[in-house]
Amino acid sequence: VNVAYDTPRGVVTRANVYWAILVVVTVLVESTWLGMIRIQGVLPDLVLLLVVYFGIIQGEERAMMTGLFGGVLQDVAGDTGLGHHVLCLVIVGFLVGQISHRLITDNPAVKTGLVFCASMVHAIIYVMVDYVQTPDIDALNMLAVSHVPRAFYTALATPLVFYLLDRIRWPVSVARGGPN
Amino acid sequence: VAITRRIAEHRSVLVLVFLVVLSLTSLASGTRGGTIDSSIRGAVEIAKLPFLKVMTYMEGGIGYITGPIIAYDNVVEENKALRLEKATLLKNDAAYNEWRAENERLTEIIGFKQSEPGLTLKPARVVLRYQGILTIDRGSVDGIRESMSVISSDGVVGLVTRVHWRTSNVITLQNANCKIDAMVSRTRVRGSVQGTGSDLSRICTMTNLYIQDDVRENDLVVTSPDSVFPGGLPIGRVRAVQRGRETLLQTADIVPAVDPFQIEEVFVVMGADLKWENLAGLDDSPGGPRAVEELLDTQTLQERYAP
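Residue numbers (my numbering), protein chains in the order written: chain G, 1 to 180; chain U, 1 to 307.
Keep in mind that the hints were calculated from the coordinates and are not lab data. All values reported here derive from a predicted model rather than from experimental measurement. Among the clues, some could well be false.
Stated by the list, open to error - Chain U stretches covered by chain G per the calculated footprint, using a threshold of three residues with CB under 8 Å from any CB of chain G: (1) 15 to 29; (2) 208 to 222.
Stated by the list, open to error - Now the in silico label distances, taken between C-beta atoms and shown as ranges: (3) G:L160 to U:R6: 26 to 32 Å; (4) U:V76 to G:R167: 26 to 32 Å; (5) G:R102 to U:D73: 51 to 57 Å; (6) U:D73 to G:A20: 35 to 41 Å; (7) G:N107 to U:V21: 44 to 50 Å; (8) U:R11 to G:N107: 25 to 31 Å; (9) G:L160 to U:A8: 33 to 39 Å.
From the three backbone atoms N, C-alpha and C, an ideal C-beta is built for every residue, glycine too.
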């Protein structure tokens, strides 16, 4: 975690454990309970929201690590090839981290828009990898029918999820720039 | 130092490149089913288990609470269908019970008919009961005539009083106009059994018994050979004996062997098809036959043979 250099090491470790638990619980919730709010077979992507969240508040490295950890779990939970989600989320995390440097607003609408864009990037990469692995799929149709609605749903869930994440009491400030 | 500093400056890019290469390598190598892949999947599946259990409980609880509300229309429809099914089953059950009871009665009738080979019996079904008069579904086309006796497997039912084309009226022991020559089976004491004329009381009265006649409670009263009925058919049992203080006669309350309010099948004794005037010993008056209530068998011996 990007914290001030004078932050005790134990506190940093505890923050990392919190983060890891959050990612694991998010993936588990996504692969189990989230089915209860399924609309026309579409679910929001909570791990992507987590990646964007950490990308905004902590930068690309934390976002990429979140993408790596969450992606592996998503690959396992979703029975896709190991690395499929990881690749998408890592790239998205990096891009969000880079863009968030230039974001000068905390407006929820901007964050929601960012999530939608990140979700579309994630979808495009995901479908591309799918297409490379299985060229006979209808990639565009898959993108339009499955991933675009999911991007919308994920964007809709952004304010609530970000609000809940903001309520977490971290051992140290996880905001970019050091402790509170 | 310069290299280290440049690495530190571009650490995130390096991390990105490393992770992308790692992911692509993993995808390219197709690690699905490998040891690492299997281990991670196993661990995740175990971690998911409590979540799935909680989710199952939650879904069950939510379904228990909201199920009747959400599926209210279905429940109502199902309720209607079940009520209809219940009514149909009840109806079928009632019909089944009726058929079974009818089967038992018919079996009993067949047995009775076989046990009375000397009588020509015409089975009939009771279609109406009113003030001690039964209407049976046999009439003149079936050979039924007035004054024929009607019996059942339990004993005496009554007499045919009126015959129509398809139906006949049978006067029973509940009707005050019905009189049957009878005798006490144990002592052969003769008398006359007649109805009280009340639908509320199913007790008949045996009259014309002398004070010295031996009549006791629970004695079986049967038809007399003098009556239009075959002799010895059960009429009923003596329930009580009434002795008057200032008379030479006594009477007995008889509980009929046949309850005409419950009987459904009867037999008309065709062999007893005697002319009423012969039975009564009366002349054929120009005014036509007398009312059946005045037939021989509805009168006492004294009345019948008195000048």
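Structure-based check of all given hints:
no.	hint	in the structure
1	15 to 29	holds (count 10)
2	208 to 222	violated (count 0)
3	G:L160 to U:R6: 26 to 32 Å	violated, 42 Å
4	U:V76 to G:R167: 26 to 32 Å	violated, 44 Å
5	G:R102 to U:D73: 51 to 57 Å	holds, 55 Å
6	U:D73 to G:A20: 35 to 41 Å	violated, 48 Å
7	G:N107 to U:V21: 44 to 50 Å	violated, 36 Å
8	U:R11 to G:N107: 25 to 31 Å	holds, 30 Å
9	G:L160 to U:A8: 33 to 39 Å	holds, 37 Å
Violated hints for the displayed structure, listed by number in ascending order: 2, 3, 4, 6 and 7.
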